[in-house]
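S.K.: Just need the whole structure built from these sequences, with the hints factored in.
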Amino acid sequence: MSKKPTTKKTVARKPAKSKKAGKSWKRTDGRTFDELRTLKIESGVLPNADGSAYIEMGRNKIFCGVFGPREMHPKHQAKPNEAVLRCRYHMAPFSVDPRRSPAPSRRDQEISMVMRSALEPAVFLERYPRASIDVYVEVLEADGGTRCASINAAAVALVDAGIPMRDLVAACAVGKIEDKLIVDLGDYEDKKGQSDMPIAYMPKLNKVTLLQMDGTMSTTEAETAINLAIEGCKKVYEVQRDALKKKYSIDQPPEKPVKEFLPEEPEEEPQSEEGRQ
Amino acid sequence: MSANFQDRDLVLPGDILYEGRIRTGENTYRNKDQVYATRLGLVNYSPENVNVVALESVYNPLVGDQVIGEVFDIDLGEWKINIGAQSEAVMGIPDAVDRPFRTEFIMTRVLDVGDTIIAKIVDLDRRRTPILSILGPGLGRVYDGFTIRITPSKIPRLIGKKGSMINMIIKETGCRVVIGQNGRILISGLSREREEMVVKVVNKIEQEAHTSGLTNRTQEFLRQLKERPR
Chain A
1 MSKKPTTKKT
11 VARKPAKSKK
21 AGKSWKRTDG
31 RTFDELRTLK
41 IESGVLPNAD
51 GSAYIEMGRN
61 KIFCGVFGPR
71 EMHPKHQAKP
81 NEAVLRCRYH
91 MAPFSVDPRR
101 SPAPSRRDQE
111 ISMVMRSALE
121 PAVFLERYPR
131 ASIDVYVEVL
141 EADGGTRCAS
151 INAAAVALVD
161 AGIPMRDLVA
171 ACAVGKIEDK
181 LIVDLGDYED
191 KKGQSDMPIA
201 YMPKLNKVTL
211 LQMDGTMSTT
221 EAETAINLAI
231 EGCKKVYEVQ
241 RDALKKKYSI
251 DQPPEKPVKE
261 FLPEEPEEEP
271 QSEEGRQ
Chain B
1 MSANFQDRDL
11 VLPGDILYEG
21 RIRTGENTYR
31 NKDQVYATRL
41 GLVNYSPENV
51 NVVALESVYN
61 PLVGDQVIGE
71 VFDIDLGEWK
81 INIGAQSEAV
91 MGIPDAVDRP
101 FRTEFIMTRV
111 LDVGDTIIAK
121 IVDLDRRRTP
131 ILSILGPGLG
141 RVYDGFTIRI
151 TPSKIPRLIG
161 KKGSMINMII
171 KETGCRVVIG
181 QNGRILISGL
191 SREREEMVVK
201 VVNKIEQEAH
211 TSGLTNRTQE
221 FLRQLKERPR
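Residue numbers (our numbering), protein chains in the order written: chain A, 1 to 277; chain B, 1 to 230.
In short, the hints are calculated from the structure, not lab data.
Check the hints yourself; a few may be wrong.
[As the list claims (entries may be wrong)] Straight line, CA to CA, 35 Å or less: simulated DSBU-like cross-link-like pairs of lysine-lysine:
hint	chain 1	residue 1	chain 2	residue 2
1	B	Lys-80	B	Lys-200
2	B	Lys-161	A	Lys-247
3	B	Lys-226	A	Lys-245
4	B	Lys-80	B	Lys-162
5	B	Lys-200	B	Lys-161
6	A	Lys-191	A	Lys-207
7	B	Lys-80	A	Lys-79
8	B	Lys-204	A	Lys-204
9	B	Lys-80	A	Lys-192
10	A	Lys-246	B	Lys-161
11	A	Lys-204	A	Lys-247
12	A	Lys-79	A	Lys-234
13	A	Lys-247	B	Lys-204
14	A	Lys-234	B	Lys-204
15	A	Lys-192	A	Lys-75
16	B	Lys-204	B	Lys-80
17	A	Lys-79	B	Lys-120
18	A	Lys-61	A	Lys-26
19	A	Lys-26	A	Lys-75
20	A	Lys-234	A	Lys-75
21	A	Lys-61	B	Lys-204
22	B	Lys-162	A	Lys-75
23	B	Lys-32	A	Lys-247
24	B	Lys-120	A	Lys-247
25	A	Lys-234	A	Lys-204
26	B	Lys-162	A	Lys-246
Note that this is a predicted model, so its numbers are computed, not measured.
M.R.: Dropping the structure here:
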């Protein structure tokens, strides 16, 4: 079910990198420099959403629900020529160690905006004028790189909702710690590292939709980093594809999300089938 | 000039379906000389075009569709109805009552907020807002049963060829099953067990809509459900 981390997936290493990151060098969690964390994605997990996805990226656990295209409320925010993509990124109070306030913080607002701009180029918004497409992301457990994981989940959920898209969006971060470039940063690497660069990428169209950076990198490092991140995005993309296709594999259809559709049981159970009028 | 997939292969948005000059059908788009998919679905190559039969889609209202919706608001002279489309549907008084309008007419006596209706789309206005009517056989307010939702693109499979699938389900379970093209299905039966049977069958059809030989397998599945001891 879960796609096990392909240990030491052989990706052509460039000489510039191998100088920086020797083969023996391992990260704090035992990964090599270009190895992703365990990645598991499921689609169609929320019965009441039009489309949904659940992602486990390392210890990140994130749910994403997509609603729409539907009527925009408040109506004055609707655009006459295209749909509006609205994203809401939220971290549960219990998702990080000292409990976090559930109120939206400045950081939440930023990530919501960043997600929106990363997903917008992939969605045919012009097909649904005056409508809104709402993407809700709830982080249950955070362990670094939640914005990338959220974008990955949101892309799968958008496809699951049947919203027309140009391509999927896969996201992956690169960073620098101890002067070495690493892919898919965990929480520790994120905090102790020298630099962090999340990238969202449309693999089939070969287009970058998000590029942010914290910290410092030299020009050559940045170039290598972008290529490393794109390699990471391509690995993520394969997992996203598998997640979407799994719902339609005939051999083992995934379990239907549990939902009682039926009305409340009547007070007195009729004796026979004909007994209930 | 080549097709990149077999017929009826599962494709995802962004997959390059065809390279070369060809007409783009449903759920596809062209970028330079390549045709891409826009939705998850089954690819279909025909001599004229390449298209994708979507497995997940949003409801696209068309004139003549029978839909099931819920009244969520009453405005001046019209009911607002949620049919799960990108915009809310409206229904004016002449489309709901077949008698001359009188000033003492009270709209809530006909339909109130929260009522479920079976309606027909009679028109789309300039903003593509669906205009509904409940005048006609089989249409009107629903008094009995409950609704479930499936992906609107799978409704044709639930109906089957000339209604073979849905008629079989109705015959085997004895429930009243009304299908809305917007993916809402109204079920009402004599007993809860039979209603549950319909829910299970509909969910199974939704899961396996992309496979062939579905009607026969569904019939087999229904027989098994009936024989299972409660």
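S.K.: Hint by hint, note whether the structure agrees.
M.R.: Verification of the hints:
Simply put, Lys-80 of chain B and Lys-200 of chain B have alpha-carbon atoms about 31 Å apart, close enough for the 35 Å limit, and the pair holds. Between Lys-161 of chain B and Lys-247 of chain A, the direct Cα distance comes to roughly 25 Å. Compliance with the 35 Å bound is thereby established for this hinted pair. As the CA atoms of Lys-226 of chain B and Lys-245 of chain A are separated by approximately 32 Å, the hinted pair is consistent with the 35 Å bound. Between Lys-80 of chain B and Lys-162 of chain B the CA atoms are separated by roughly 32 Å; this keeps the pair inside 35 Å, and the hint holds.
In summary, the hint linking Lys-200 of chain B to Lys-161 of chain B is supported, as the alpha carbons are separated by about 21 Å, within the 35 Å threshold. The hinted pair formed by Lys-191 of chain A and Lys-207 of chain A meets the criterion: a straight-line CA distance of about 28 Å does not exceed 35 Å. Distance hint between Lys-80 of chain B and Lys-79 of chain A is fulfilled; the C-alpha atoms sit about 21 Å from each other, no more than 35 Å. Of the pairs offered as hints, the one joining Lys-204 of chain B and Lys-204 of chain A holds, with about 33 Å between alpha carbons and a cut-off of 35 Å not exceeded.
Of the pairs offered as hints, the one joining Lys-80 of chain B and Lys-192 of chain A is violated, with about 55 Å between alpha carbons and a cut-off of 35 Å exceeded. A distance of roughly 27 Å separates the Cα atoms of Lys-246 of chain A and Lys-161 of chain B; the hinted pair therefore holds under the 35 Å criterion. Straight-line distance between C-alpha atoms of Lys-204 of chain A and Lys-247 of chain A comes to about 22 Å, which keeps the hinted pair within the 35 Å bound. About 34 Å separates the Cα atoms of Lys-79 of chain A and Lys-234 of chain A, which keeps this hinted pair within 35 Å; it holds.
A distance of roughly 12 Å separates the Cα atoms of Lys-247 of chain A and Lys-204 of chain B; the hinted pair therefore holds under the 35 Å criterion. Restraint check for Lys-234 of chain A and Lys-204 of chain B: the C-alpha separation of about 33 Å stays at or below 35 Å, so the hint holds. At most 35 Å may separate the alpha-carbon atoms for a hinted pair to count; Lys-192 of chain A and Lys-75 of chain A exceed this at roughly 45 Å. A C-alpha spacing of about 32 Å is found between Lys-204 of chain B and Lys-80 of chain B, which places the hinted pair at or below 35 Å, so the restraint holds.
Simply put, Lys-79 of chain A and Lys-120 of chain B have alpha-carbon atoms about 28 Å apart, close enough for the 35 Å limit, and the pair holds. For the hint linking Lys-61 of chain A to Lys-26 of chain A, the alpha-carbon distance of about 24 Å falls within 35 Å, and the restraint holds. Between Lys-26 of chain A and Lys-75 of chain A, the direct Cα distance comes to roughly 53 Å. Violation of the 35 Å bound is thereby established for this hinted pair. Between the alpha carbons of Lys-234 of chain A and Lys-75 of chain A the distance comes to roughly 39 Å, so the proposed pair goes past 35 Å and is violated.
Taken as a hint, the Lys-61 of chain A and Lys-204 of chain B pair is honoured in the structure, with Cα atoms around 29 Å apart against an allowance of 35 Å. Of the supplied pair hints, the one linking Lys-162 of chain B and Lys-75 of chain A is violated, its CA atoms being roughly 41 Å apart against a limit of 35 Å. As the CA atoms of Lys-32 of chain B and Lys-247 of chain A are separated by approximately 32 Å, the hinted pair is consistent with the 35 Å bound. For the given pair, Lys-120 of chain B sits about 32 Å from Lys-247 of chain A by alpha-carbon distance, which is consistent with the 35 Å threshold.
Straight-line distance between C-alpha atoms of Lys-234 of chain A and Lys-204 of chain A comes to about 9 Å, which keeps the hinted pair within the 35 Å bound. Restraint check for Lys-162 of chain B and Lys-246 of chain A: the C-alpha separation of about 31 Å stays at or below 35 Å, so the hint holds.
In this structure, the hints that do not hold are numbers 9, 15, 19, 20 and 22, in rising order.
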